[in-house]
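Respectively, the protein sequence lines represent chains F, Y, P and A.
Heads up: the first sequence runs through residues 1 to 331, numbered per the UniProt record's numbering.
Heads up: the second sequence runs through residues 1 to 331, numbered per the UniProt record's numbering.
Heads up: the third sequence runs through residues 1 to 331, numbered per the UniProt record's numbering.
Heads up: the fourth sequence runs through residues 1 to 331, numbered per the UniProt record's numbering.
Don't read these hints as lab results, they were simulated from the structure.
Each hint should be verified, as a subset may be incorrect.
[Claimed, not checked] To give an idea of the interface, some chain A residues facing chain P are shown, with a C-beta separation under 8 angstroms as derived from the structure:
#, residue
1, Pro104
2, Arg162
3, Arg174
4, Lys261
[What the hints assert, rightly or not] Below are the BS3-like pairs computed for lysine-lysine, each with C-alpha atoms no more than 30 angstroms apart in a straight line:
#, chain 1, residue 1, chain 2, residue 2
5, P, Lys30, P, Lys325
6, F, Lys121, A, Lys122
7, Y, Lys30, F, Lys121
8, Y, Lys122, A, Lys121
Owing to the predicted nature of the structure, the values given are computational and were not obtained by experimental measurement.
Each residue gets a CB set at the ideal place from its N, CA and C atoms; glycine is no exception.
Next come the chains, spelled out residue by residue.
There are 4 protein chains.
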Amino acid sequence: MVQGATNWNTETTEEWLQQYIDDWVAFYRKHTSDGEVASYIPVLQEANADHLGISIVGKNGTNIRSGDVDVPFTIQSISKVLSFIVACMERGIGYVLDRVDVEPTGEAFNSIMHLEMKQLKKPFNPLVNAGAITVASMLEGKSSDQKLESLFNLLEKMLGYRPHLDIDVYESERDTSMRNRAIGYYLLEMGYLEDDLNITLEAYFKQCSIEVTIDDLARIGMILANDGFDPSTEEEIIPRQVARLAKALMLTCGMYDASGKFAAYVGIPAKSGVAGGIIALAPARVRDEELPFIDGCGIGVYGPALDKQGNSIAGIRLLRHIANKWDLSIF
Amino acid sequence: MVQGATNWNTETTEEWLQQYIDDWVAFYRKHTSDGEVASYIPVLQEANADHLGISIVGKNGTNIRSGDVDVPFTIQSISKVLSFIVACMERGIGYVLDRVDVEPTGEAFNSIMHLEMKQLKKPFNPLVNAGAITVASMLEGKSSDQKLESLFNLLEKMLGYRPHLDIDVYESERDTSMRNRAIGYYLLEMGYLEDDLNITLEAYFKQCSIEVTIDDLARIGMILANDGFDPSTEEEIIPRQVARLAKALMLTCGMYDASGKFAAYVGIPAKSGVAGGIIALAPARVRDEELPFIDGCGIGVYGPALDKQGNSIAGIRLLRHIANKWDLSIF
Amino acid sequence: MVQGATNWNTETTEEWLQQYIDDWVAFYRKHTSDGEVASYIPVLQEANADHLGISIVGKNGTNIRSGDVDVPFTIQSISKVLSFIVACMERGIGYVLDRVDVEPTGEAFNSIMHLEMKQLKKPFNPLVNAGAITVASMLEGKSSDQKLESLFNLLEKMLGYRPHLDIDVYESERDTSMRNRAIGYYLLEMGYLEDDLNITLEAYFKQCSIEVTIDDLARIGMILANDGFDPSTEEEIIPRQVARLAKALMLTCGMYDASGKFAAYVGIPAKSGVAGGIIALAPARVRDEELPFIDGCGIGVYGPALDKQGNSIAGIRLLRHIANKWDLSIF
Amino acid sequence: MVQGATNWNTETTEEWLQQYIDDWVAFYRKHTSDGEVASYIPVLQEANADHLGISIVGKNGTNIRSGDVDVPFTIQSISKVLSFIVACMERGIGYVLDRVDVEPTGEAFNSIMHLEMKQLKKPFNPLVNAGAITVASMLEGKSSDQKLESLFNLLEKMLGYRPHLDIDVYESERDTSMRNRAIGYYLLEMGYLEDDLNITLEAYFKQCSIEVTIDDLARIGMILANDGFDPSTEEEIIPRQVARLAKALMLTCGMYDASGKFAAYVGIPAKSGVAGGIIALAPARVRDEELPFIDGCGIGVYGPALDKQGNSIAGIRLLRHIANKWDLSIF
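So here's chain F without its partners, still in its complex pose (with noise of 0.2 angstroms):
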């Protein structure tokens, strides 16, 4: 056991976790006022700026959840490990990688000046805008329903209930979202789409629209924790590899240009996106059974109150406080 850690093997250790996060959700609230809520798409400026909450599955279930717990969100960049995570089940992961590099960018999500500035033959990564354009475009299905129809059969299966998109958010993505439109329009003619633009931008749109709360993202997190295997049902959901794949990009691109901080900072692969939500996960690295909770568990953070990089505020700091204090960090 690393020296300092929380002891905990005590059968007060779940009330003690409780409290523990209670204290920490209420200390990190007032550094909601540090940031704003994103207004590039109108609908998410109508979100609560105080809002922080937090739940952290365990592998055998456990579940420690606290603040604005059950305040619904749109998934938005999250989606964009989970597209990735469907498009390599459905072609293949060389299919995938052939058409969209997992290379770090320094560059900001919605950048379409390295597209043209190094003259790349793929779009630097699946997480940042131009590269999840690409995999939506891979997608199998003649319409963005049909796209996405894989990818809601993944999410019920880790699940348990089938999420459903929030119209409002979706329309409001699509009417106003020009830069994506910009970066769709650029990454057709450079031939890197491999279905119908508006097709692949509907399927983006969509995606990014899905609502989820954060019980869903500490449970999704768990799974890839445990790399696709769901500990509850002992059935491999993701491939391994896949899982694997995904999570290392969590690590290196996940939270936009502030990826390489938070990679230093707190250690753990996580992806977050403009509503607010944050996904984040301990990958599974003991077998004994020292630690039976924070190993291999997932967690979901919302707060969305966003600082510069579009990483929410508080959620980064409850993060980082927790990956510390408990040594989730994989390094």
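Model the placement of chains Y, P and A on the given structure of chain F, informed by the hints.
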């Protein structure tokens, strides 16, 4: 134990491992012909392009070595990890990170463009040249030799001997590396340097010219894998938080502009140098007795034939093979 | 009179000029094989790569023509000069220049990168696509046809007839020019457009698809050369200040990323189009009677085989030859 | 004669001109407070920000001067025009243009980014620092003084006296201009330099530190306006083709990243320096006797308060006013 993984726990493990490594070094040695020896420093061109060697040191001291194990080579960019560690130890993490960021760049190691283009207030990260030169300026001392004193002390503590400079390489770098001088003057003008430019560059060229072997790299890697703690002496050689930071940086930025791909396909912290060396490591992550060797091991690789990104072409493939087979990935 | 220049002042000048031009068109026609017909719009590929023609109109009405003089072609980027003029006439120079700069870019005509990289508040200039689309958004009218009404009126006034659209080219551009749509959506998001994007792009694609001849270009050039004043009707067709501005823009930005070289080697305002047309002109600069023809003349060139920058390869060489021989340079 | 233009052809023209210029220098002197004296070279900061002076030399020798006419200042970037001319005279135009392009950049004068970003085979143009340093490397001679011998000879021929270096400025530039050293090392590494870097930079810093007056600039401008021909001695001092090339470069690239705006609003070849000087000229374009003074005149301006682009803020406005009033534009 991961399904399908080797059963390490037999009395013949070591012989078996030796055989295994020998086979794969022989196999990947043929791949050296796909790469080319570095030419940007004249003296590096004299390396034997066929060479390939690997050394693995476990935290219990076990050492498996194969191939060209005794060829000394200059540490080159791998020294960037060490000078970053020393700067953090001398100045404190906060001081260093105020002066150099930890974000991946998406650019080549010797890019100067990014600094101007993004009007950065500090270089991208300590593992690209601009950041490493900035780090070298932070090292304490009034001459380049004084600046490197702590670095040599650290090496001596880890290796049990004091490595020396390859004077030919040092002079060759000093006299030919005009790009690094360009970067240096740019940094100087921007006010990023904490010390005289000439002394800083001298220190930088010297640190790159330290002669090491793969055994040295493996041993340093093993200590990093164990968070700076040397299991044989039970001494903390590098502060835990600094070691963690260094490993996160290696994972996100260690392999030039193939860092994302290395994280995705290999999944362990590593840093390469243009002379053909790679340091890699598998962070200590389990505490039971099933994997006594590979958990918390360090790896040194040498193969001077490089790919287009400047990484040992056969070395990367060998590492990928072993990491996948032995499930070293941190994800 | 410039030493060594032709003595224009004989009764046989016109025959002599005709012979001269015929000789050099024949000579430079061979150069068409060094270039290639534009391929980015499918229908443009049908042009005859061997074609080369020139028409020169003096302010006294003299017209010297040679080569493939009667081949109609689409005006393409040359229309950018005209739409800029019309926008200035409709909105005022101040209004237009508040929304588009007049700086050369050093980038290709269809670059989108610069807008993002330099965080510009307005596109670089009206003669690159981003600027030209912005200018098209400023044209008055609620439909693309209404937007182009003033442009067609201006053309009719200058040419004595109303040119028509090449519908095939228009539809081809509209349906294939994804880069322009990418630029358009980028401009829309940045708030640079003064009108609906689809109407703006429709107007832009239409203006590019206007069919002209080299006689038309020569006549427009002659009117610009005379500061917007038509010597035959003694009418000011374009306000003097607008004509001057247009000519300055043509000189600094008219020939894509070869504009600097064209200014240096040829030295007269010119604008090329990707269909192979070039409009050029020699500003009226002398008032005596020694050079009755070339002073204040307009030049139209057609040669669809393009160089790498997108300019008529033989056309540029022919212009350079004539400009140097006749001392047309404004410098 | 252009409608509305001044009637020059009276016996009182000179007095009238003097009065006119005096009035406008007084008017624009107030504008100096909108700018700031250059700070990047410490010694330049000592200039008097209120200063404004102009000198105009006609080809007949008439000289109109007003304001702070006798303040000496360093020529700075204006020397780039002269070193380019000398290099062309020593090496031939072809040799020089094989090693430096003549395209506007859209970037600041001291940009290093463009060289890397566009993977150029030669610097953009001789009037940005990268190009000017490359030009300095082409000057003949084994020391910086020898390299500048021809430049000083040319100046002596044009001015009737041999200007001297401002040693303080030279030493200040040499010791503080780290960006130029960065550019120099970059050029050296890329193989663009034709001579030793230190000698080249020494020559470059020296050429920038030549002390001149506005009368000197006006006289040089007048000779360029007359294609390198000195009307007073009837001697060709600069080959006509070289003078033409220099003027084209000045028009497209002479005023840093405001070159396009200067061409559009003022419309004459000009080059500014960071000490506050501007050389400008009105190419000889008419041969009749109506405009005996301004046709083929040279203009020197001094006003050390600079705008954001590094051009004399009051100087540009004064030039614009005069150029428009007197119809100096070449367009």
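Hint by hint, here is what the structure shows:
1. Pro104: This hint holds: Pro104 of chain A lies near chain P, its Cβ roughly 3 angstroms from the closest one there, short of 8 angstroms.
2. Arg162: Since the shortest Cβ distance to chain P is 28 angstroms, the answer is violated.
3. Arg174: violated (29 angstroms)
4. Lys261: This interface hint holds because 6 angstroms falls under the 8 angstroms limit.
5. P:Lys30 <-> P:Lys325: holds (20 angstroms)
6. F:Lys121 <-> A:Lys122: Distance of about 25 angstroms is within 30 angstroms: holds.
7. Y:Lys30 <-> F:Lys121: Between Lys30 of chain Y and Lys121 of chain F the Cα gap is close to 28 angstroms, so the pair holds against 30 angstroms.
8. Y:Lys122 <-> A:Lys121: holds (29 angstroms)
Violated hints, in rising order: 2, 3; the structure is consistent with all others.
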